[in-house]
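Since the structure of chain W is provided, determine the placement of chains D, U and L with the ligands on it from the hints.
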Amino acid sequence: MASMVEIEKELEEDFALFDDWEGKYDYLIGLGKDLPLIDDKYKTDEYIVRGCQSRVWLHAANNGDFVFYSADSDAIITKGLVALLVKVLNGQKAEEIAHADLSFIDRIGLKEHLSPNRSNGLVSMIKQMKLYALALTKH
Amino acid sequence: MASMVEIEKELEEDFALFDDWEGKYDYLIGLGKDLPLIDDKYKTDEYIVRGCQSRVWLHAANNGDFVFYSADSDAIITKGLVALLVKVLNGQKAEEIAHADLSFIDRIGLKEHLSPNRSNGLVSMIKQMKLYALALTKH
Amino acid sequence: MVTTKEISTSLSASVDWKKVREDFPILKREVNGKPLVYLDNAASSQKPKQVIDAIVHYYSHYNANVHRGVHTLSQEGTHAFEASRLLVKEFINASKTEEVIFTKGTTGAINLLAYSWGRKYIQEGDEILISQLEHHSNIVPWQMLCEGKKATLKIVPINEKGELIWDKFLQLLSDKTKLISVAHISNALGPVNPVKNIIQEAHQRNILVHIDGAQAAPHQKIDVQDMDCDFYTFSGHKMCGPTGIGILYGKEKWLEEMPPFEGGGEMIKTVSFEKTIYNDLPFKFEAGTPHIEGAIVLGDAIKYLTGIGLENISKREHELLHLATKELNSLDGIRLIGTAAEKSSVLSFLVGDIHPFDMGTILDKMGVAVRTGHHCCQPLMAWFDIPGTVRASFSFYNNENDIDRLIEAVKKAIKMLS
Amino acid sequence: MVTTKEISTSLSASVDWKKVREDFPILKREVNGKPLVYLDNAASSQKPKQVIDAIVHYYSHYNANVHRGVHTLSQEGTHAFEASRLLVKEFINASKTEEVIFTKGTTGAINLLAYSWGRKYIQEGDEILISQLEHHSNIVPWQMLCEGKKATLKIVPINEKGELIWDKFLQLLSDKTKLISVAHISNALGPVNPVKNIIQEAHQRNILVHIDGAQAAPHQKIDVQDMDCDFYTFSGHKMCGPTGIGILYGKEKWLEEMPPFEGGGEMIKTVSFEKTIYNDLPFKFEAGTPHIEGAIVLGDAIKYLTGIGLENISKREHELLHLATKELNSLDGIRLIGTAAEKSSVLSFLVGDIHPFDMGTILDKMGVAVRTGHHCCQPLMAWFDIPGTVRASFSFYNNENDIDRLIEAVKKAIKMLS
Ligand SMILES: Cc1ncc(COP(=O)(O)O)c(C=O)c1O
Ligand SMILES: Cc1ncc(COP(=O)(O)O)c(C=O)c1O
Chain W
1 MASMVEIEKE
11 LEEDFALFDD
21 WEGKYDYLIG
31 LGKDLPLIDD
41 KYKTDEYIVR
51 GCQSRVWLHA
61 ANNGDFVFYS
71 ADSDAIITKG
81 LVALLVKVLN
91 GQKAEEIAHA
101 DLSFIDRIGL
111 KEHLSPNRSN
121 GLVSMIKQMK
131 LYALALTKH
Chain D
1 MASMVEIEKE
11 LEEDFALFDD
21 WEGKYDYLIG
31 LGKDLPLIDD
41 KYKTDEYIVR
51 GCQSRVWLHA
61 ANNGDFVFYS
71 ADSDAIITKG
81 LVALLVKVLN
91 GQKAEEIAHA
101 DLSFIDRIGL
111 KEHLSPNRSN
121 GLVSMIKQMK
131 LYALALTKH
Chain U
1 MVTTKEISTS
11 LSASVDWKKV
21 REDFPILKRE
31 VNGKPLVYLD
41 NAASSQKPKQ
51 VIDAIVHYYS
61 HYNANVHRGV
71 HTLSQEGTHA
81 FEASRLLVKE
91 FINASKTEEV
101 IFTKGTTGAI
111 NLLAYSWGRK
121 YIQEGDEILI
131 SQLEHHSNIV
141 PWQMLCEGKK
151 ATLKIVPINE
161 KGELIWDKFL
171 QLLSDKTKLI
181 SVAHISNALG
191 PVNPVKNIIQ
201 EAHQRNILVH
211 IDGAQAAPHQ
221 KIDVQDMDCD
231 FYTFSGHKMC
241 GPTGIGILYG
251 KEKWLEEMPP
261 FEGGGEMIKT
271 VSFEKTIYND
281 LPFKFEAGTP
291 HIEGAIVLGD
301 AIKYLTGIGL
311 ENISKREHEL
321 LHLATKELNS
331 LDGIRLIGTA
341 AEKSSVLSFL
351 VGDIHPFDMG
361 TILDKMGVAV
371 RTGHHCCQPL
381 MAWFDIPGTV
391 RASFSFYNNE
401 NDIDRLIEAV
411 KKAIKMLS
Chain L
1 MVTTKEISTS
11 LSASVDWKKV
21 REDFPILKRE
31 VNGKPLVYLD
41 NAASSQKPKQ
51 VIDAIVHYYS
61 HYNANVHRGV
71 HTLSQEGTHA
81 FEASRLLVKE
91 FINASKTEEV
101 IFTKGTTGAI
111 NLLAYSWGRK
121 YIQEGDEILI
131 SQLEHHSNIV
141 PWQMLCEGKK
151 ATLKIVPINE
161 KGELIWDKFL
171 QLLSDKTKLI
181 SVAHISNALG
191 PVNPVKNIIQ
201 EAHQRNILVH
211 IDGAQAAPHQ
221 KIDVQDMDCD
231 FYTFSGHKMC
241 GPTGIGILYG
251 KEKWLEEMPP
261 FEGGGEMIKT
271 VSFEKTIYND
281 LPFKFEAGTP
291 HIEGAIVLGD
301 AIKYLTGIGL
311 ENISKREHEL
321 LHLATKELNS
331 LDGIRLIGTA
341 AEKSSVLSFL
351 VGDIHPFDMG
361 TILDKMGVAV
371 RTGHHCCQPL
381 MAWFDIPGTV
391 RASFSFYNNE
401 NDIDRLIEAV
411 KKAIKMLS
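Keeping their order, the protein sequence lines are chains W, D, U and L.
Each step along the first sequence adds one to the number in the working numbering, with nothing skipped, and position 74 is 74.
Each step along the second sequence adds one to the number in the working numbering, with nothing skipped, and position 79 is 79.
Each step along the third sequence adds one to the number in the working numbering, with nothing skipped, and position 152 is 152.
Each step along the fourth sequence adds one to the number in the working numbering, with nothing skipped, and position 195 is 195.
Only chain W is shown next, with the shape it has when bound in the complex (with noise of 0.2 Å):
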């Protein structure tokens, strides 16, 4: 498994092949097709992540020390938020979760969706990640 460093400066160059704002988007929206879906077992108001304006579903299990999400938005834009968080943390160890720093989502060029702003809910994600990965710990 790659480290979560070297997944996040691939997504970095990925990105910087873009240099315009709609072949970002693009790039993002396709990540979300690419997803691991969430279990529709689990797409309950249980597992949605409060403070985004779209709905956003998310599971995390545990595989030894590392842990797999998944999930689902019915925003695509979200989705693809989502899906670049699962692809730097997935297959990680928790503790490295709980820490993780995630600023590359500011250098790839989508620094917007990490304002406080409680619309977009990409803040919520993170720690609603890093809780899942706190509470694996713990077991």
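These aren't lab readings, by the way, just hints derived from the structure by calculation.
There may be inaccurate statements among the hints.
Stated by the list, open to error - Residues from chain U that keep clear of chain W, each with C-beta distances beyond 12 Å, as calculated:
(1) Ser60
(2) Asp223
(3) Glu256
(4) Thr270
(5) Gly360
Claimed, not checked - Below, in silico cross-link-like pairs of lysine-lysine (DSBU-like), each with a Cα-Cα straight-line distance of 30 Å or less:
(6) Lys176(U) x Lys411(L)
(7) Lys412(U) x Lys28(U)
(8) Lys18(U) x Lys34(U)
(9) Lys326(U) x Lys415(U)
(10) Lys127(W) x Lys253(L)
(11) Lys120(U) x Lys28(L)
(12) Lys96(U) x Lys130(D)
(13) Lys111(W) x Lys326(L)
(14) Lys28(L) x Lys221(L)
(15) Lys161(L) x Lys269(L)
(16) Lys412(L) x Lys87(D)
(17) Lys275(L) x Lys176(U)
Claimed, not checked - Quick list of simulated restraints, FRET-style, between CB atoms:
(18) Glu252(L) x Arg107(W): 29 to 37 Å
(19) Arg119(U) x Gly307(L): 41 to 49 Å
(20) Glu22(D) x Trp254(U): 26 to 34 Å
(21) Thr339(U) x Ala135(W): 44 to 52 Å
(22) His203(U) x Lys275(L): 53 to 61 Å
(23) Glu13(W) x Asp228(L): 47 to 55 Å
(24) His203(U) x Tyr42(D): 43 to 51 Å
(25) His203(U) x Gly307(L): 56 to 64 Å
All C-beta atoms in this analysis are idealised placements derived from N, C-alpha and C, irrespective of residue type, glycine included.
Below, chains D, U and L with the ligands alone, put in the same frame as chain W:
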């Protein structure tokens, strides 16, 4: 008895003699000294004019159609202000008092006391004097 | 022969809208490399330089605490503060300045009502009537009141155009109804409610009526005496004024009877530990140092709006609304939410199954600012069974080019998101 | 050997106060033909151009409603809004931004406390302890609460210097005491209360403490964690910030337990007619569109003050206070009201039997703005058995010339009024 307008005119002329605020205020304070003082038995809360930073007691009596005021204040500028009003309104007909214009105060250069500010309360005094006049017309 | 239509067009045409637009400095800025198209006016309006200058003037020339200072600055501040109250009174045609209470906004004003009037007059078993359309600020205060008092909140239903259903409204009125609280204009969908008829029906049954005017005051002439509402509330920031200031209008007789809400400086006549005597109206409801800048400059905003003329503003905004509606309707897959016969300049829509958040994000990238989501009207969204809408809301300083840009951006978004 | 005195002087001397003064445009204006001497700082402070410019910048560049908009303006506004909350947190050394609630001022913050905390935790027979020194805003909300709950308001007495009488304070503490609410610094007389000791005594008895910091926050470094107060409140307009904004600080554990106060937009997570779920801190207590300009620009005021340094400000204001006290004391018939050992830059006085209103009027004619009257502390004035005082309150932007002008004007007034 001179008419209100005549007395106002006279006061305007008197004040116009001073070209600085000091003279005007000295004169105003002097007027306070000539004020028909209120009987001590009326120096109670009942006769206090609300809305002044200093305390003003005001009493009105009628002689037939004509109204006569007496007053006092614990601040000497306030006393001058109420004296100014008494000078103009004393001995006038209740009805005329109720409709008095009194904008001469602005013209003699004491406009600052006419603001809606609750601290000085010239406006409150005028209101109270008119109320008394109205009450007396109803008898 | 001149038709009414022609008269109205010529009315709005008499204003130089291009020049008006230049009053708004923010409209010159770029967003994501493109000139800003601001279509989020229902959330908050932009400010003309006359208003911004008035703020600078206030802080540079006569900033001071009001109402009690003997010194010149305080006198000038107080004078401007009370002069603004007079402007508000005239703006809504209240009968007295005592009926105009400065609050921190519509929400603050409604909470004042719910706490002060509500806790005195609402008893167990009473009913308060609101509508399915209301903004959270005209729902939650009443919910909280009803919960505390064991009273019941009743909801006037709407039809699929977003109009109140009149028969249902009448059926909901009863002996238990103590207050009706409805929006003059819905912020999410734009329908203008028949407030005058509502008030008439209510008053025949001795029911009081509060009208939430947050979306009406910026866009049309308000006349509280003609309407005969008991209470009317609105926000400065939605009508070219500063943030943090709003108005509660109330008929004097009700305000007189109501107990104070907040306690503190300004709202008292005399304080002793044994007995405190509250001040007269309007000060009884204005505890603490007021938002002096906000109150004074709200007056400048009113001068600005009345300088253009509320009728002109209404006309102009309707022109823009009609144009945008037509253009948008010409696109495939558009679904307008809220198609009331009488409607203000709010255009709520969905396209195919594109999520409003996706649409809003792409529009922003194109420099077009719209609002997306539930617009603080979750019960309304639940009724339509949608996650939210995309809402473009127009102000008189928008123009035809803004609409072109909106349409272009929506087209681009459809292409990217489908 | 360098004495403490010398160190402090050199500290304040390191700031170019002449240059600082130039930041304040209003200080260049004339009043009654004379350059303004503004000594009414305890009522409201003046604003530096940095703050005024920040307002203009806000309205010209990123004015939009916050927290829910997808578009750039709203994102930028939200960012600045929350960045300001962080600045406030650091300014008072709170442990989390969630503990910082934007209100409309100190009065608004105290009312929030009285309504939310008070109505949940105060029961019949309970006692709330305030002092003889309090501002009406820290009296009336508690009076209203006690009246509603049949609880009792108890008063800590003061001595003739204006200091709390410590023994009496301790005697008043009992099992019934649920809250102590006292000023950090009295606005009328200036004494600094021993808040840390008060809080220690209170906490040993499980009593909560609210400190009214309206007069402290502008003048000295505040550290709510070191103080260990449960609640702390202050106003932006007294600390170089805009009007209409203030802060309630509360320990997270108390704020979490407290029910919401006002209902509306922003303070909810989800709304349905059946069940409304309130938002997390700090939003739970911030209903409606906030005073965005005020909140953001309060951050600029904080940056301005901390740029100069609160210690420097304290020192400078004490220099001015001492000079003015000395000069004033050299006049015949002067009676200083409030002579506490620890005192902030407030100078309350009377001269012979001259009424404060008369004095204030003449001072204004001389271009000197002071406050006269009861300073919203009627019970305190009653205690001293005086109609009010003349109050000169100093800010770091005042200077020695202002004091000369004050003394000159007082002399003139004495001549005219005796
Ligand atoms: C000690 C004290 N408490 C409370 C207040 C009330 O502050 P505001 O009027 O800004 O709400 C003041 C301001 O006058 C004050 O000096
Ligand atoms: C219809 C309606 N009511 C109430 C409000 C609340 O106004 P404010 O947030 O200014 O208090 C709004 C603003 O969003 C509104 O549109």
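Note to self: For Lys18(U) and Lys34(U), compute the direct alpha-carbon distance and say whether it is at most 30 Å.
What the structure shows: holds, 19 Å
Checklist line | Interface exclusion of Gly360(U) relative to chain W, criterion Cβ beyond 12 Å | finding: Gly360(U) is in fact no farther than 12 Å from some Cβ atom of chain W, at 8 Å.
Check: Holds or violated: 44 to 52 Å for the Cβ distance of Thr339(U) and Ala135(W)?
Finding: holds, 47 Å
Notebook entry, point to check: Holds or violated: are the alpha carbons of Lys96(U) and Lys130(D) at most 30 Å from each other?
Noted result: holds, 20 Å
Checklist line | Pair hint outcome, Lys28(L) versus Lys221(L) [Cα-Cα no greater than 30 Å] | finding: Holds, because 29 Å separates the two Cα atoms, which is no more than 30 Å.
Check: Within a Cα-Cα threshold of 30 Å, do Lys176(U) and Lys411(L) meet the stated pairing?
Finding: violated, 68 Å
Next item on the list: Report holds if the minimum CB distance from Glu256(U) to chain W is greater than 12 Å, and violated otherwise.
Entry: Given a closest Cβ separation of 41 Å, the condition holds.
Next item on the list: Please work out if Lys326(U) and Lys415(U) have their alpha carbons no farther apart than 30 Å.
Entry: This hinted pair holds, its Cα atoms lying about 20 Å apart.
Check: Lys275(L) and Lys176(U): Cα distance at most 30 Å?
Finding: Given that 30 Å is the threshold and the Cα spacing comes to 22 Å, the pair holds.
Checklist line | Restraint check for Lys412(L) with Lys87(D), where alpha carbons must lie at most 30 Å apart | finding: holds, 28 Å
Check: CB of Arg119(U) to CB of Gly307(L), is that within 41 to 49 Å?
Finding: At roughly 46 Å between Cβ atoms, Gly307(L) and Arg119(U) fall inside 41 to 49 Å, so the hint holds.
Check: Between Glu22(D) and Trp254(U), does the beta-carbon spacing fit 26 to 34 Å?
Finding: violated, 49 Å
In the structure shown, a violation is registered for the earlier hints numbered 5, 6, 11, 13, 15, 20 and 22, in ascending order.
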